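A.B. asks: Dock chain Z against the given chain H, drawing on the hints supplied.
What follows is each chain in one-letter form.
2 protein chains.
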Amino acid sequence: MSNLGYITDEKWGLKEESFNSKWLRKYESIMSQGNGYFGLRASTEEAYVSEKRGMFLAGLFNKFDDNEVSELVNLPDMIEVHININGETLDLNKGQTKNYQRELDLKTGELLRVFEWIYKELHVKFEFKRIVSFDLKHILAQQIRIENLGQQSFELEIISGINGQITNTGTQHLSEGPKQMIEGKVLQMTSETTSSQQTLVQSTVHQFDKNGEAYDPKARVEMERRKIQNKYWMALAATEYLTIEKISAVHSTRDFDSVGVRSIHERALADLKEASALGYEKLKNQSIEAWNNKVWNNTPITIKSVDPLDQLAVIFAQYHMHVMTPGHDSRMNIGAKGLSGEGYKGHTFWDTEIFLLPYFTFSHPEIARSLIEYRHNSIEGARQKAKKNGYEGAQYPWESAWITDGETTPDFIGTDIVTGKPMKVLTGYDEIHITGDVAYGLKQYIDVTNDKQLLSDFGFEIIVETAIFWSSRLEWNNTLNRYEINDVIGPDEYTEHANNNAYTNYIAFWNMQLALKVIENIESYDEQVIQKIEALYDLKRLRDDFTSKLSKIFLQQPNSAGIIPQDDDFFEKEVIDITKYKKAENVGTIFHDYNMSQVSDLQVLKQADVMLLIYLFENEFSNDIKMDNFHYYETITTHDSSLSLSTHSSLAADLDEMKLSYELFKKATEIDMGQQMSSSDEGIHAASLGGIWQTVVYGYGGVRNLEGTLRIEPKLPDNWEQLQFSIYWQGCKLTISVTNDGFEVINHDANKEIQYLHNGEYFTV
Amino acid sequence: MSNLGYITDEKWGLKEESFNSKWLRKYESIMSQGNGYFGLRASTEEAYVSEKRGMFLAGLFNKFDDNEVSELVNLPDMIEVHININGETLDLNKGQTKNYQRELDLKTGELLRVFEWIYKELHVKFEFKRIVSFDLKHILAQQIRIENLGQQSFELEIISGINGQITNTGTQHLSEGPKQMIEGKVLQMTSETTSSQQTLVQSTVHQFDKNGEAYDPKARVEMERRKIQNKYWMALAATEYLTIEKISAVHSTRDFDSVGVRSIHERALADLKEASALGYEKLKNQSIEAWNNKVWNNTPITIKSVDPLDQLAVIFAQYHMHVMTPGHDSRMNIGAKGLSGEGYKGHTFWDTEIFLLPYFTFSHPEIARSLIEYRHNSIEGARQKAKKNGYEGAQYPWESAWITDGETTPDFIGTDIVTGKPMKVLTGYDEIHITGDVAYGLKQYIDVTNDKQLLSDFGFEIIVETAIFWSSRLEWNNTLNRYEINDVIGPDEYTEHANNNAYTNYIAFWNMQLALKVIENIESYDEQVIQKIEALYDLKRLRDDFTSKLSKIFLQQPNSAGIIPQDDDFFEKEVIDITKYKKAENVGTIFHDYNMSQVSDLQVLKQADVMLLIYLFENEFSNDIKMDNFHYYETITTHDSSLSLSTHSSLAADLDEMKLSYELFKKATEIDMGQQMSSSDEGIHAASLGGIWQTVVYGYGGVRNLEGTLRIEPKLPDNWEQLQFSIYWQGCKLTISVTNDGFEVINHDANKEIQYLHNGEYFTV
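Protein chains in written order, with the working numbering: chain H, 1 to 765; chain Z, 766 to 1530.
With the rest of the complex left out, here is chain H (with noise of 0.2 Å):
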């Protein structure tokens, strides 16, 4: 039985609702906070054997070693806060827990835990508030009070500072400089990064309220080696509480705002001693409105539904997606698991473009715009990794990290347990289409905003030299007379060494086509910008090259029944029944029967292939082709990675299949905020929740960009009574109301109009 709860009255967040250490990493994911500049899990001030604590800084990378890849660096910790009562230590495992409750509120950003703790002769009353800023973004702020509720006096020690023995799993990513205290206060330290040579300054200071009146305990620094603490010790008596304020600040020279002005620690010192005056609740209340502001004001998603939970789910996909994205910084982007934990090494996927970026792009496009441009100034790093492959243009890594770290996915992962050779990682070599799926978010945020200077800044760049890439990366077969992608892992990543992946060989072929028109399209430009892109480009050389081979690339055609086949061979392959693999509570169970090598052999889909591809594509199929093959993939999809969910829900709700839709969208629902209690340890599914974002807009909402065109066919589930969301459409902001009945369109701008396609009709608001 999990102790995971929903706050979905009033307040909307979620809640732990009883003490069990086992699931700490859960919450530490599932409540992490954070500002896109930072993230911080939801580890406790206490600790435990069974935690992880983590707190990661967007764009900190570190290289360990050579047999090492780059990964973001797991920070000192600032929030652990050492508290000791009578000589005996905080630890819910000892003693008695009585009204424990710990909650995350996802509209205020604010995670509150309470509980009294009865041990010995001790009863004492706990509670714990913290925000990371949402509008100062070096800011972290604690508030912690503690009530003797017993019939004595008690000894009370809190030990409380910076501890940088925190690692990546053991993997150490920072040298240690200088520890100090100023002022008598505040505690500072300052580490470097062994081989980026980033420095970190960070910076905390205490303050006391004993009995509601300020106080100045007994105190004592105390340094370790990476670790800088305050000891304060003093006696509470019976029904007497003290409260403690922790306010910490963390700065690095990854900041674009490092340089010149005011050295990195005079800044940090400002910043605290700015944060630390106006004190917890003001920070807080700052932090609300700016999380009101951007968000919840600007953009809400209101459901009614049957099951409140449904609210509460994109209102966790909205929260953790602002948490997670360095939008303030175009060298940054979106890890996997965002700024949640140290999965994936923070690395940014074809998440971003395919997954993640509709929502910013519909509701934020300046941070779109930000994640957009990260793919520019990281694209030596693509150029690089086509030219190690012999390919020209721009391959993107598969992994990407710091811009200048080019492809990051690990060569090897683990190792063979029965060979005991290190197990080579295929992903970086032959998981090729994200070099088109960064075309198609681009393609897509320029078509959704008409911010057209775009291309013209750096846009025409990543098209056409992605396009580049395919074209060299397309494989001529004499005998049939076409061009072949051969070797490759298509998006479902259980099918390894796929020839002409239907998937791949479409995003190449449509890549080529944008890249094709965007050239023919040069003459719009600013004569400047003409200039530059002709002294970069052989443009007639490129335009009749694409233009020769467009027409000769292979694209997995629809077989008698209908059905496209993932790939060449794909038909030829044993079909399996996998409903005990679907069902199961943990994903990738299918490895206890079968091994990879078996897998590849099986018609079985860890995620959406084909299934994407109609979806990115829509207008490319009939709604025939569209049904029959979303049959034919459901049912064998073991929807084993977290990506695969809200594309087949969103299709499904295409196609009129209300019933299947809502189930796989709540089932997309529970991969974090579900009641597996594991899953989510090495920190929340990024992705994922962009898609809960598309089943709800795209799937539900029915809002498509058609290539530059809305398209607007609202369909809601059963449960549902209404939906109302808002997007911006071209720089106007529109406010889409449904219910059952039918839809409204309000264009929230007076003096522009917005044009949008609904069953095929043409509305203008």
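Since the hints were derived computationally from the structure, they do not count as laboratory data. Note that the structure is a prediction, hence the values are computed from the model and not measured. Note that the Cβ used here is the ideal one computed from N, Cα and C, for glycine as well. Hints may be right or wrong, so weigh each one.
Derived list of chain H stretches under chain Z, where covered just means 3 residues or more per stretch with a C-beta under 8 Å from a C-beta of chain Z [claimed, not checked]:
#1 46-60
#2 91-97
#3 158-171
A partial selection of chain Z residues facing chain H, derived with a Cβ cut-off under 8 Å [claimed, not checked]:
#4 LYS859
#5 GLN930
#6 THR932
C.D. replies: Only chain Z this time, still in chain H's reference frame:
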């Protein structure tokens, strides 16, 4: 109230009488096991927040970055075993623990832990046994017995293997290498130190037994980053019991025998197979036999005292001295915390020569020789240190690690909390007496063993080059027409920047005098050796230099009251009453009232200084001088160093102050074995253990080497009825039995007579 108890009946050992997680670190140190090749802290199989796991391979040093110094690497953990019953992790902070007992048997080296755990519906009896083989140096063996005392069957899950997520307080010294399962059973992990480039291979295998019969549970290998484990699961019905034997091996390229013959991996596998074929019981019995042969039956020490802890203390000292001492390899020496913790980074100090070497010189001359040879193997670092400081000859590092590391005292430690600047560590520069201490230890070894071969092998080089250092270090005072040694730290580290520290000047004088003697005696060596020496040194010049300087070296003389000043300014400093600091439970409490610079201006000593001078050179001082100085300095010495009490205790015995001597002895034995539950957290106090032996054998046994003459002047404390011990003197084993009625010396060598001095008369046995 501590939970530390003592076993002094039939067996000799330490026991923990109840479980309290806050004192785990004390037990990890004092119950640590080892065999000189590697050391293992006594961490529990299940993990606790307050633990500090540690396993250390002698000589396996690494330097993390340029800000840090070489330190002994804390190795991947091999003793952790996760035990989950019906999904609940064994954790003694949860539920109820009954019949708890943990014991370290010092004679057998076996660590035993037994208890019943009652939690929810579970009632389970656990028995954990563990040895580090004293016979097979690479081998560690564990035996775990789990018995279901409850009414119902339960599901048991055991996860055990090798965990490389361990760090040295946050610093990771190892690059992750391949992990593999071999022959379906053995788990093996390879790591490499990041800068010293040593390969470490750890291997482990599990064997099961259910209700007394061989058993093969369901199993699966689980690999994480820096971790390889096997997961086993099974049901255990009421009254059933399971026995697990986990046999582990550790090998590294530091091993002398790692080169040639077979690769380290093959050797590791072969050693592990051999050991696991024997099984826990046989391995234990072999190990006990090795302990008996080498230590307990060889040089036993028997004390009949009113307080059995006196006997226990000397067994504890002998046990740990053998556990920590890498006598098998002269490229290694003893760390200040042995192999029992991260404290002092595994570095070797003067502790070896002045405090620990006497035990080995008198009991295990072959180990003593190896420890001395280490100083020759590392002499290049001493030469470099002298050169760097502008001197000649060999200036031994204050802290020493691997033979090629040279001085490894950190330049800076922590940060001045006020200025924020790193604090300079002065000992590496100013505590220069170690160079004389090295020569002293060597000379004593030759006197006691008559191993003159060592002189021509390498001893000559050490003695002459240390003297050359002193000669170059002397400062001529033109006004006073004498050589001085200014701005040093003597043994008393509470006095910095001392001029003409009595101990330092004397040991320099003595060192040069010794060099003069060995030079003058050069003709006794083989012709070949003489040629080699004469090629290295201009002996005539050295002889002239030493001769001319020796007579002019200033040595502190007693003042009118007969007190030898510790240094030039010592008597000008204020005297304060330090009774409260001497009585305090913790050391260093004087710093609650004074800072270091203030303490430096007081007549307050951390540890024996002039006392040590008198102790080491007893023939140089009259009894009156000894007595007067003893009382003067004992009053003002805090004994804040663990190196101090035994010296004062032995001296007190020399001076017939038996009551005070015994009090000091008791305090010395309490440094690790006492009820103070945090002072040993970072490891046992190696030197203090040598000091305990010295008080027993030197102080009460009255044994002393007076430049090659054996003096025996026993005197027992009031509490003692009998003392019996064995020593080696010039190749003969002597057993000395002391009672209040007199003493007896037995020479075990029928072919050789030994002369000793007693009450001014010579006797022969």
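A.B. asks: Have a go at the THR932 of chain Z hint: is there a Cβ in chain H nearer than 8 Å to its own Cβ?
C.D. replies: holds, 6 Å
A.B. asks: Does GLN930 of chain Z pass the interface check with chain H, least Cβ-Cβ distance below 8 Å?
C.D. replies: holds, 3 Å
A.B. asks: Just to make sure I understand the rule, a stretch counts as covered if three or more of its residues have a C-beta closer than 8 Å to a C-beta of the chain. Does the segment 91-97 of chain H meet that for chain Z?
C.D. replies: This one holds; 3 residues, not fewer than the three required, reach chain Z with a Cβ under 8 Å.
A.B. asks: Are there three or more residues in the segment 46-60 of chain H whose C-beta lies within less than 8 Å of some C-beta in chain Z?
C.D. replies: That given contact holds, which follows from 4 residues of the segment 46-60 of chain H lying within Cβ reach (below 8 Å) of chain Z.
A.B. asks: Is the hint on LYS859 of chain Z kept, meaning its closest Cβ partner in chain H is under 8 Å away?
C.D. replies: holds, 5 Å
A.B. asks: Holds or violated: the segment 158-171 of chain H covered by chain Z, criterion of 3 or more residues with Cβ-Cβ distance under 8 Å?
C.D. replies: With 7 residues close enough to chain Z, the hint holds.
Of the numbered hints given earlier, the model fails none.
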